[in-house]
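Colleague: The hints should help you fit chain B onto chain A, whose structure is shown.
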Amino acid sequence: MRELRRKIATRLLTGLLVLWLAATVAFIAIHALPGRIEDVLAGDLSYPGLREAIAAQWGLNHSLQWQYGQFLLRLAHGDLGTSFVMQQPVLDVLRSQLAPTMQLAVSAGVLALGLAIVVATVTAGSESRWSGRIASFVEITFTSTPVFWLGMLLLVAFSFELRLFPVSGANGWRALVLPAVTLALPTTGVLSQVMRESIEAALSKPFVTTIRARGVSELVLRARHVLRHALLPVVTLGGWLIGSLLGGAVITEKMFGRPGIGSVTLTAVTSQDVPVVLAVVLLAAFVHVVMSTLLDIAYLFIDPRLRSQ
Amino acid sequence: MSTVDRSVPTAGVHSPLPVGVLLAAAFLIVLLVGMGFPRLVTPFDPLVSDVAATLQPPNAQHWLGTDRIGRDVLSRVVYGARYSLLIGLASMIVSLAIGLAVGLFAGLSNRFADEAASRVFDVLSAFPPTLLSLLIVTSLGQGIVNIAIAVGIAGIPKFGRVLRSQALVVRRADYVTHAVSFGLSRTRIFLRHVLPNVLVAVPVIATIDIGSAIIAVSGLSFLGLGPQPPTPEWGVMLAEGRDVLRVAWWPSVFPGLAITVTVLSFAVIGRFLQRKFEVRA
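For the record, the sequence lines run as chains A and B.
Numbering of the first sequence is given in my numbering, commencing with residue 397 and proceeding in unit increments.
Numbering of the second sequence is given in my numbering, commencing with residue 3 and proceeding in unit increments.
In isolation and in its complexed conformation, chain A is listed as follows:
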């Protein structure tokens, strides 16, 4: 138990360290850019008092160390700065757009995980047979498919030809189906490949032979006994999954004309609204670090072998 507590503490500290480093990288990046910080943060904007406001907020007449300390302090208080283009706190801008993006990312994530589990469980260990080969080919094809193109194919097929789903917008679940599928499929390809490999590794363990000897059916064996082992390595992919869903959401939202964090980010990128983009990136890193820290700790509880190593 003491060992466990020590491991958790180490993991939490590492997570904090990475967060702090991420914030530092962002700070350095802004200061390393050519040009004065006022100009960088103001982008193409210029109205009276703007540069003074930026200078005051960032404490530009103070020393660099002081600015750095202020920057960290503000982040710690959840103050992500002000969008000078939209003239309001970044956090308010993002909060109002959070719901549609969460809907999209969460439903795509659940869909991807569910599909990958089913496909990998059913087809693992059959690479010599057609089912395995086909599944493997489909997976690698999906991982090679850009989301924006996949989105267009789905639009042509299901919106323009079959008229099953709306072309754009975010009203109701029908509008969510195509974007979620678009965002999910490339991720499914990756997850399913990883799961299949770990299921195949688990299938070669002695405990499987024992269970088979008891006359348990192949499907029950895989679903009840093997899957658990196979899911463990997938837990480590949690951080990657979140990153790819958040990143993919930007393109998917643009593709389907959905509102959300992605659209806000994209508008900010084209209008050089640095505080907004910076806030989104830092928030994403925050979510990523928190989730992967929690997953790693959960891992310690799920798999007792890790505690004693």
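These aren't lab readings, by the way, just hints derived from the structure by calculation.
Heads up, a few of these hints could be off.
Said to hold, decoys possible - Distance ranges between label pairs, derived from CB positions: (1) B:F39 <-> A:F533: 30 to 36 Å; (2) A:A425 <-> B:L88: 46 to 52 Å; (3) B:R174 <-> A:Q483: 28 to 34 Å.
Claimed, not checked - Far from chain B, by Cβ distances over 10 Å, these chain A residues were calculated: (4) R401; (5) Q453; (6) M482; (7) V502; (8) S527; (9) F556; (10) G643; (11) D669; (12) L691.
What the hints assert, rightly or not - In silico SDA-like cross-links for lysine to any residue, where the CA-CA straight-line distance does not exceed 20 Å: (13) B:K160 <-> A:R470; (14) B:K160 <-> A:P629; (15) B:K160 <-> A:F533; (16) B:K160 <-> A:R529; (17) A:K403 <-> A:V590; (18) B:K160 <-> A:I536; (19) B:K278 <-> A:F533; (20) B:K278 <-> A:Q589; (21) B:K278 <-> A:R529; (22) A:K403 <-> A:P629; (23) B:K278 <-> B:Q230; (24) B:K160 <-> A:V414; (25) B:K278 <-> A:I536; (26) A:K403 <-> B:S120; (27) B:K160 <-> A:A694; (28) B:K160 <-> A:V590; (29) B:K160 <-> A:T632; (30) B:K160 <-> A:V631; (31) B:K160 <-> B:S120; (32) B:K160 <-> A:L633; (33) A:K403 <-> B:R121.
A virtual CB, placed ideally from N, CA and C, is assigned to each residue, including glycine.
Modeller: The following block gives chain B in isolation, referenced to the frame of chain A:
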């Protein structure tokens, strides 16, 4: 770890190449020839529009149809390969160069340096790659060179981690211990024994990962942050095709197909090389 690997032992030097790998290689060769000598494939200029023939579906004259202002889609796809592949390649070189330097440093120097470098990779990979690229594009500005840099930087941790672990493996290999016991100088061991064996992994990793670089680059172009119209770049073509999607599928389906088949081909060959040379990626 998984000690039972059914694929490795059979993938000997003399076993015949799988059909998939041959097809992928054939496609890439055709693509490369098309990039070098586009006139061999298509007589049309990718930038010249024929207002008398706008949005024509695929036909005998225009094999892949024409776009909104009557440009030949096939020739735009063929010329577009130059942009998409070269920008992808450039961004991969950025990730590879920095990833190799940091990875080697981490894998070969002391434990403290290794920890530090690993944390650097952790930090970089804490940012979702697409978002990190967007941040870099916002600060550097838009354009072909900048999206290559942006995608390249976002790809550093992936290359760095693999090359670090490769360096660790090589460092502990018997032949290095052997060389040390013979009293060879550190420089000589590094240059003659360590470096070449780490570098073996590079073509394999590069083949596997150039696909994601191509997808990332075309994604940023699709968002309008890279090359601008009328450049025949695949992402730009998709963005243009999206506007006429309701009436014509061919201006967007074919460039997307080009991206997918190209990336797929690299992935198939990369996976084959990975098994053959037993590189962990």
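Colleague: So, for every hint listed, does it hold in this structure?
Modeller: Okay, the hints, checked on the actual structure:
Taken as a hint, the range 30 to 36 Å holds for the pair F39 of chain B and F533 of chain A, whose Cβ atoms sit roughly 31 Å apart. Evaluation of the 46 to 52 Å hint for A425 of chain A and L88 of chain B yields a failure: the beta carbon distance comes to about 27 Å. For the hinted restraint 28 to 34 Å between R174 of chain B and Q483 of chain A, the CB-CB distance of approximately 58 Å leaves it violated. Distance check on R401 of chain A: its Cβ is at least 22 Å (rounded) from any Cβ of chain B, clearing the 10 Å threshold; non-interface status holds.
Against the 10 Å criterion, Q453 of chain A stays outside the reach of chain B, whose nearest CB is about 18 Å from its own CB. Every C-beta of chain B lies more than 10 Å from that of M482 of chain A, the closest at about 15 Å, which supports listing it as non-interface. With a least beta-carbon separation of about 16 Å from chain B, V502 of chain A lies farther than 10 Å from that chain, consistent with its non-interface assignment. Interface exclusion of S527 of chain A from chain B stands, the closest Cβ pair being 17 Å apart, more than 10 Å.
Distance check for F556 of chain A against chain B: the nearest CB is about 6 Å away, which does not clear 10 Å, and the non-interface claim fails. Taking the minimum C-beta to C-beta distance to chain B, about 3 Å, the non-interface status of G643 of chain A is violated against the 10 Å cut. Not every C-beta of chain B lies more than 10 Å from that of D669 of chain A, the closest at about 8 Å, which undercuts listing it as non-interface. Interface exclusion of L691 of chain A from chain B stands, the closest Cβ pair being 14 Å apart, more than 10 Å.
Distance check on the hinted pair: K160 of chain B and R470 of chain A sit about 31 Å apart at the alpha-carbon level, beyond 20 Å; violated. At most 20 Å may separate the alpha-carbon atoms for a hinted pair to count; K160 of chain B and P629 of chain A meet this at roughly 18 Å. Under the criterion of a C-alpha separation no larger than 20 Å, the hint pairing K160 of chain B with F533 of chain A is inconsistent with the structure, at around 24 Å. Distance restraint check for K160 of chain B and R529 of chain A: the Cα-Cα separation of roughly 27 Å exceeds the 20 Å cut-off, and the hinted pair is therefore not satisfied.
Using a Cα cut-off of 20 Å, the hinted pair K403 of chain A and V590 of chain A is violated, with the two alpha carbons roughly 26 Å apart. As the CA atoms of K160 of chain B and I536 of chain A are separated by approximately 19 Å, the hinted pair is consistent with the 20 Å bound. Using a Cα cut-off of 20 Å, the hinted pair K278 of chain B and F533 of chain A holds, with the two alpha carbons roughly 19 Å apart. With a C-alpha separation of about 19 Å, the suggested pairing of K278 of chain B with Q589 of chain A holds against the 20 Å cut-off.
For the hint linking K278 of chain B to R529 of chain A, the alpha-carbon distance of about 19 Å falls within 20 Å, and the restraint holds. Restraint check: the Cα-Cα separation between K403 of chain A and P629 of chain A comes to about 18 Å, which is no more than 20 Å; the hinted pair holds. Among the hinted pairs, K278 of chain B with Q230 of chain B is inconsistent with the structure: their alpha-carbon atoms are about 41 Å apart, more than 20 Å. Straight-line distance between C-alpha atoms of K160 of chain B and V414 of chain A comes to about 17 Å, which keeps the hinted pair within the 20 Å bound.
A threshold of 20 Å between alpha carbons decides the hint, and for K278 of chain B with I536 of chain A the separation of about 18 Å falls inside it, so the pair holds. Among the hinted pairs, K403 of chain A with S120 of chain B is consistent with the structure: their alpha-carbon atoms are about 18 Å apart, no more than 20 Å. Of the supplied pair hints, the one linking K160 of chain B and A694 of chain A is violated, its CA atoms being roughly 25 Å apart against a limit of 20 Å. Under the criterion of a C-alpha separation no larger than 20 Å, the hint pairing K160 of chain B with V590 of chain A is consistent with the structure, at around 16 Å.
This hinted pair checks out: K160 of chain B and T632 of chain A have alpha carbons roughly 15 Å apart, not beyond 20 Å. This hinted pair checks out: K160 of chain B and V631 of chain A have alpha carbons roughly 18 Å apart, not beyond 20 Å. For the hint pairing K160 of chain B with S120 of chain B, the CA-to-CA distance comes to about 11 Å; that is within 20 Å, so the pair holds. At most 20 Å may separate the alpha-carbon atoms for a hinted pair to count; K160 of chain B and L633 of chain A meet this at roughly 14 Å.
For the given pair, K403 of chain A sits about 17 Å from R121 of chain B by alpha-carbon distance, which is consistent with the 20 Å threshold.
Violated hints, in rising order: 2, 3, 9, 10, 11, 13, 15, 16, 17, 23, 27; the structure is consistent with all others.
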